[in-house]
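*Asks:* Letter by letter, the chains look like this.
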Amino acid sequence: MLENILLLKDDIIEALGQTAFMVLTSLLIAIIIGGLFGLLLYTTSNNLFVKNTVINKVVGILLNIIRSVPFLILMILLLPLSKLIVGTKIGSEAVIVPLSIASIAFFSRLAEASFSDVPKGILEASVASGASKPRIIFKILIPEALPSLVKNITVTAISILGFSAMAGLVGGGGLGDLAYRYGYQRYETDIMIARVVILIILVQVIQWIGDIFATALDKKL
Amino acid sequence: MVEFKNTGVTFKQKRNIIKAVSGASFTIEKGDIFGIVGGSGAGKSTLLRTINLLQPVTTGDVLVKGKSVVNLKGKALRNLRQNIGMIFQHFNLAENKTVSQNIAFVLETAGHKRSEIKSRIKELLEFVNLSDKANAYPSKLSGGQKQRVAIARALANNTEILLCDEPTSALDVETTASVLALLKEINQRLGITVIIITHELEVVKAICNRVAVMSEAEIVEIGNVYEVFTNPQHQFTKQLISHTQRFDVPQEILNKLSGPLVKIIYKGEKAAEAILSDTAEKFGVRYNILHGKIEYIGTNPTGILYVNIIGTQENILLAIKELEEKTQKAEVILSA
Ligand SMILES: Nc1ncnc2c1ncn2[C@@H]1O[C@H](COP(=O)(O)OP(=O)(O)OP(=O)(O)O)[C@@H](O)[C@H]1O
Ligand SMILES: [Mg+2]
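If you're matching them up, the sequences are chains A and B in order. Numbering-wise, my numbering puts 181 at position 181 of the first sequence, and it's gapless, one number per residue. So my numbering is basically just the index in the second sequence, starting at one, shifted up by 1000.
In short, the hints are calculated from the structure, not lab data. Check the hints yourself; a few may be wrong.
In silico lysine to aspartate or glutamate, DMTMM-like type, Cα no more than 25 Å apart, as pairs [claimed, not checked]:
hint: 1; chain 1: B; residue 1: LYS1097; chain 2: B; residue 2: ASP1061
hint: 2; chain 1: A; residue 1: LYS139; chain 2: B; residue 2: ASP1061
hint: 3; chain 1: A; residue 1: LYS139; chain 2: B; residue 2: GLU1174
hint: 4; chain 1: A; residue 1: LYS219; chain 2: B; residue 2: ASP1032
hint: 5; chain 1: B; residue 1: LYS1097; chain 2: A; residue 2: ASP117
The following residues of chain A were derived to be distant from chain B, with all beta-carbon distances above 12 Å [as the list claims (entries may be wrong)]:
hint: 6; residue: ILE76
hint: 7; residue: LEU81
hint: 8; residue: SER116
hint: 9; residue: LEU123
hint: 10; residue: GLU124
hint: 11; residue: SER126
hint: 12; residue: SER129
hint: 13; residue: ILE142
hint: 14; residue: GLU144
hint: 15; residue: LEU146
hint: 16; residue: SER159
Don't be surprised by glycine CBs; every beta carbon is placed ideally from N, CA and C.
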């Protein structure tokens, strides 16, 4: 088994690189855009900010629709969009588009929850001190939500890793693709096992790093 | 300093309309330590929050330093708020900011320079006696220390009015006393007008000079603290005060009484003993003091005595009549 894996060492490293590329790019996009959507959902639901039920509901429903479509189907549905945005329907680059969109929808809701968990009292005290809304958002809301946001970024990263495994089905490369080609199509079970082991390690490492950051940032303990 | 003019706040919910404050009209003078007491849900917080417009009013007006605030918006509103400090029952500090950073936040809001901010923080922390906690996070502080930080933050921008919503309700008796002493100092040394909401009458007695009593959205009584406490007019105030004058004499003793039990309230220096001994001699009755205490409202004493009067029916009635005349209040609470 080991020989088999050693033989494919380069392939595995290449796949790992592709996975890292897909996951990190989508994660970054999800943090930025999903974070903004989360902020939008939160501020439009809170009368200390800009309560607006219509915007809140419309955005919320849109995100729910995306979240309710299984990733595999979302990927197939969105590949034409990939062609439009990154110019191709296959490969890691193409997969980034559906992967990012799924991740944005996923992280938006988690970010919204992180913001909602900030006690209203501190926001009210800030309003009472005469701070403007943008100032309260950037100097109070986001810093106070940060430890929780980091935890949710970790959860999102691990989910994206899971989604990215399906990228293999559309030639997206990565560990999933490798496992699919060798493990499923050629019955080389050891590649499957190696890939599962790598994923387990990756998940543990992501969780470990996330926990370190979240703990370091949280001053409530 | 703050003037309510027929101020009213109603909340519209799906089905019903809640009147939280209705027709409040009174003035809080500069330099007052003004208490607002009342039951839960009476509308105290809602009324207080109209002063810095955390709560918009539905009817009437609120004037701060002679200017109406109810229509302020944007920058003008933020400027008003910068000069009105506010503290809360649960302190409401930013948990991920240190003590200094919490105070710096409001100083930066007002646009102070970095060097000014540093020295101002130092000064404020000295004032609230927390210089050694400048770099501590709130989670490492006790409740009393957190409230001191909140007070420092509230005073940061040359505050003229300090709004306090149940500032001691989450604190133990000793800490409460020290926070109240600090509020008093703020009032006397810095000349800041302090407005305190509380459900603890002890707080009002300890530091307020004037008090408003709220019940079911209305201000039912208002006045000098000493007057209100020793001579309440409204039924609700009487009831509120009687709760603090409860006396606990064991039932067995009450059962054995011959003659009525009378509650006597007397104000000021008028010595109760003299009145008692006079009437005892005059009418040939005996008094048996079951319970008594002297309370201080600010620095004014007010006494409460529970006495059992023993003698002939006729003499007892005469004695009670005289007591009624010569004390603040004499009330038969058990006629055995
Ligand atoms: N934002 C709101 N929306 C709807 N109703 C409200 C709102 N805020 C307060 N109320 C209602 O208004 C009334 C007065 O509330 P308020 O908080 O002012 O009372 P309070 O005297 O401060 O009571 P407590 O001592 O319990 O703090 C209550 O019936 C309350 O339910
Ligand atoms: Mg209240």
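*Asks:* Checked against the structure, which of the hints given earlier come out wrong?
*Replies:* Hints 1, 2, 3, 4, 9, 10, 11, 12, 13, 14, 15 contradicted; others consistent.
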